[in-house]
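There are 2 protein chains.
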Amino acid sequence: MTQDSDIREGEIQLDFNPADRAQEGVTFIGQIRSDWSRGNSPRNISQAREAGGGNARIELEPDYLAGLQGLDVGRPIWVLYWMDRGRRDLIVQVPRHSPDQRGVFSLRSPVRPNPIAMAAVIITSIDPETGVIRIDATDAFDRTPVVDIKPWMAGIDVPPGM
Amino acid sequence: MTQDSDIREGEIQLDFNPADRAQEGVTFIGQIRSDWSRGNSPRNISQAREAGGGNARIELEPDYLAGLQGLDVGRPIWVLYWMDRGRRDLIVQVPRHSPDQRGVFSLRSPVRPNPIAMAAVIITSIDPETGVIRIDATDAFDRTPVVDIKPWMAGIDVPPGM
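Residue numbers (this note's numbering), protein chains in the order written: chain A, 1 to 162; chain B, 1001 to 1162.
In short, the hints are calculated from the structure, not lab data.
There's no promise every hint is true.
[What the hints assert, rightly or not] Looking from chain B toward chain A, a few residues come up when the C-beta cut is under 7 Å (computed):
id	residue
1	T1027
2	F1028
3	W1082
4	M1083
5	V1092
6	P1095
7	D1148
8	P1159
Virtual Cβ for every residue (Gly too), placed ideally from N, Cα, C.
Construct all of the structure, not just a fragment, from the sequences and the given hints.
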């Protein structure tokens, strides 16, 4: 786990750990499999694509197989995953690539009160019997827990004027 | 709360409630305020925009105020929220607007194993002292719990080829 020594100058810590204030629970519906681990992972999904995608796939838990009905190859989806390797209490951060202090809500940092990440990806294969969904890329570490899959929809996922 | 009688013909229920299998906890960082309640809410955010937006704003919990640094009016953001009014155990659903059975992961239904929704919206005002962030629209009920705010970024939030 990360330590207080991981705090950079200018970063601000909450005086509590959000993990100690759980109000609802998430369950893991599967996991992301990838070639990435700490030390060899891309910084974001664009870099992951440039690096060939990372052999990215989702292994769905068998209990949830029926939920795949209606998903097909070529469909854009959201994968929501739980970034379980980091701390949750840095409310102001100093990104590695920038000297500025930034509030966590203006960053996509994995360090945040609720470490939920979202990746917009394309299904490249899907096996409804094993629950293995290959996707075009991921920047997530191998065995990152998945909490949701949803269809990506241009009409609602691109804000007005963008 | 919803009841088993809310299941429509063709819908399939898990034999457990995902809420009983919590592996990590989410904490609420604030709440969405809106004019919407059960019975008068739009079906999605496009409808909400057509209806004038719903007087949409986020009230951030005071503990998290410093996290707003770097967010400004006009910025597109994601609001992640917890759809706390529904059941979590319908793995196959029959949407009201369609006669077909659909797996939950091919739907944006609020009924899902982890009821996390995402809205891509524009900041229309922000008060760093009170933590009130006005946004252009929401389709969420008044007092829906918020679990995260992130910047929307075209480079990662639009999948390749879309």
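Status of each hint after checking the structure:
With a least beta-carbon distance of about 4 Å to chain A, the hint placing B:T1027 at the interface is held under the 7 Å criterion. Hint on B:F1028 holds. Least Cβ distance to chain A is approximately 5 Å, under the 7 Å limit. The beta carbon of B:W1082 comes within 6 Å of a beta carbon in chain A, closer than 7 Å, and the hint placing it at the interface holds. With 7 Å as the threshold, the beta carbon of B:M1083 stays out of range of chain A, its nearest partner Cβ sitting at about 10 Å, so the hint is violated.
Checking B:V1092 against chain A: minimum C-beta separation of about 5 Å stays under 7 Å; hint holds. At its closest, the beta carbon of B:P1095 sits 10 Å from a beta carbon of chain A; the interface hint therefore is violated under the 7 Å criterion. Satisfaction of the interface hint for B:D1148 is found here, the shortest Cβ-Cβ separation to chain A being roughly 5 Å, below the 7 Å cut-off. Because the beta carbon of B:P1159 sits about 4 Å from the nearest beta carbon in chain A, less than 7 Å, this interface hint is met.
Violation of the numbered hints given earlier is confined to hints 4 and 6; the remaining hints are satisfied by the structure.
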